[in-house]
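Peer 1: Work the whole structure out from these sequences, hints included.
Number of protein chains: 2
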Amino acid sequence: MAPPTDPNHGPAPRAAGVRVTAKDVAREAGVSIATVSRAMSNDPTIAERTRTRVLQQADAMGYSPNLFARGLITKRSGIVAMFANNITNPFYPEVVVKLTRQLQDLNLHTMLFTSDDGEDMDRVLTTLRQVNPDLVVILAATVTSGALRAFRDSHTPVILFNRYVKGAAASSVCCDNFEGGRMVARELARAGHRRLAFIEGLAMASTSADRRDGFMAGAADVGLDPPMIHAGGDFSYESGQAGIKALFAPCEPRPDAVFCANDIIAMGAMDAARGDLGLSVPGDLSVVGFDDIAMAAWPSHDLTTVRQPMRAMIDRVAVEIQRVMYSDAPDPQAHFLPGRLVVRGSARLADGGDLHP
Amino acid sequence: MAPPTDPNHGPAPRAAGVRVTAKDVAREAGVSIATVSRAMSNDPTIAERTRTRVLQQADAMGYSPNLFARGLITKRSGIVAMFANNITNPFYPEVVVKLTRQLQDLNLHTMLFTSDDGEDMDRVLTTLRQVNPDLVVILAATVTSGALRAFRDSHTPVILFNRYVKGAAASSVCCDNFEGGRMVARELARAGHRRLAFIEGLAMASTSADRRDGFMAGAADVGLDPPMIHAGGDFSYESGQAGIKALFAPCEPRPDAVFCANDIIAMGAMDAARGDLGLSVPGDLSVVGFDDIAMAAWPSHDLTTVRQPMRAMIDRVAVEIQRVMYSDAPDPQAHFLPGRLVVRGSARLADGGDLHP
DNA sequence: ATGAAAGCGCTAACAA
DNA sequence: TTGTTAGCGCTTTCAT
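Those protein sequences? They're chains L and H, same order as listed.
The first sequence runs 1 to 357 under the numbering used here.
The second sequence runs 1 to 357 under the numbering used here.
Keep in mind the hints are simulated off the structure, nothing from the lab.
The C-beta atom is built at its ideal place from N, Cα and C for all residues, glycine as well.
BS3-like cross-link-like pairs, simulated, lysine-lysine; straight-line CA separation at most 25 angstroms:
(1) H:Lys23 x L:Lys75
(2) L:Lys75 x H:Lys75
(3) L:Lys23 x L:Lys75
(4) H:Lys75 x L:Lys23
(5) H:Lys23 x H:Lys75
(6) H:Lys98 x L:Lys98
Stretch by stretch, here's where chain L covers chain H in the computed footprint (C-beta under 8 angstroms, at least three residues):
(7) 58 to 65
(8) 130 to 139
(9) 298 to 304
Peer 2: The structure is reproduced here in structure tokens:
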């Protein structure tokens, strides 16, 4: 079917000028604006004949209702505000785009907000509140409890993506980062690795911390020494390069496996291990990442990694959005979705495994 | 299926939160709502003392003006709609995020729209028009002239990013793709390459076509045979793998240099050349990409490529946005920004060069 | 089944 | 300098 505003559908579009309003359509169709409104919103009380006539007229004039005027009355902006400040990791832009795509089918619109780092974030969140979003999705960013409270006060539900704040008035949809880390440690141990190491991402990111804690717990489970930890980096390729060099700087003990807070770090670590350190991967060192971004599968790195169930996470967010929007006083819910170990050539490992088998 | 504007889709949604309005602040501060409005919008006619008092009260109550009620009157939504359907190439998500960041400082808000591909694009653009954006930025997507006309009719300026439509009522900010391609051909020839090849991206993308045409023009300039062209792919890694294999399938002539429509393709071509074909890069084959995404610089690929001046392009878009928003009947302008050849290890080349020296 | 009228929250004349 | 009033474009009673 032709879209309602297809200019090649029906008579020539109205002479260029101001935007066509319900009033214009009403006048041309010989009805009241209330009837136009009813026609546009599928009000069942309208006569079928009138409805089609009005719709046709609207179509011909290229009319579509002003979403914000509508929102002023219905108290629903139809807007989902997404906040993301992670840009070096292609995982999150991809989530933004895919989630946007999905929300479009629910007649919801994405408004995008970003901040460079911590300090101006509250300023951005204030701006964000001005647009009265029906809902806020915060992607892998640390948000102050003050900001969370402000949202609760304005009755704006919040969904955290890959972030979990205990006791907060916000829903969460996360990959089970802790279990993912634990699984990696166990599998590495099972394949005979003895000296584990971990390269952190951003210190304040719970994704990094949870993966690390899970990794350490897993090492403890199987009786290995606590993994060496390289801290102080961010989620970048350069952090991976720097991390692996730092881990190998002391003569002993040298790790035989390194787990990284995300794939980008892992690729940096792998390239530096091979290039600068002259190590064989996985011969001398197994490297494992987290995310499973597209290029992890490329032969150039062939990276063993924990795949975040992106599709399932996005679907879960969409469901949570609907739940939260269509219930009166929704309790925040936390969802943890299991990751899956994707075994490739960068690590000496036996086999894949699920987080929650 | 319910029309895109159906608000009665499903059960009645809960009303969004009760928000503090200008009326509330006015009551508490003992002034009229007009005064509140003046205080919030820095109207110079208001008394300084009143202004601070009102602002304080507003602050205390957590008030911020409803952007859309304001827009209803001022005829300015403050919204920039961005349309992007390219998701496999990390270049564009990065542009979206960075441009958003920049617009925030101009008090403009980004609304994001995507479509999977051509057909449902008009439907998405219809939805997009409902939000009355002050301006539309279309990123590297092909738009129908009908859609462009619809925007012109509703007086919504359009800026095309890396797309140029001759005679269209839309501004353009592009990397000079044609000259970029030409430069690559010339530089390859200068370094002694004789049998050039090109791997296309999506057929309908002008970025791919312009780079190809420039490349062919450059080859002609220096008297080389017309490059072999591999068509029928998209902008993916897999297209690069398939492309290079197809180019090497016939025994003769075999290319000694391949230029790819973007970096992702180039990496696929390079990995397949080395892996599947057992070639040495750049010994047997030089590989050149386009974009200079972050990972092009990673040692794993060390890709020679044409760098798009992303920062300059984004700045240019911001300037164009301001120009278009603050003038009555702005003529669309086209800007072509020169790329720069970044010489790395994937190609036997003499030296870097600028598009417009 | 349709229309008239009352706003949603805000800004912009126009008065005072 | 401030308040009053009239809408922006739309939905939603309440009549008819």
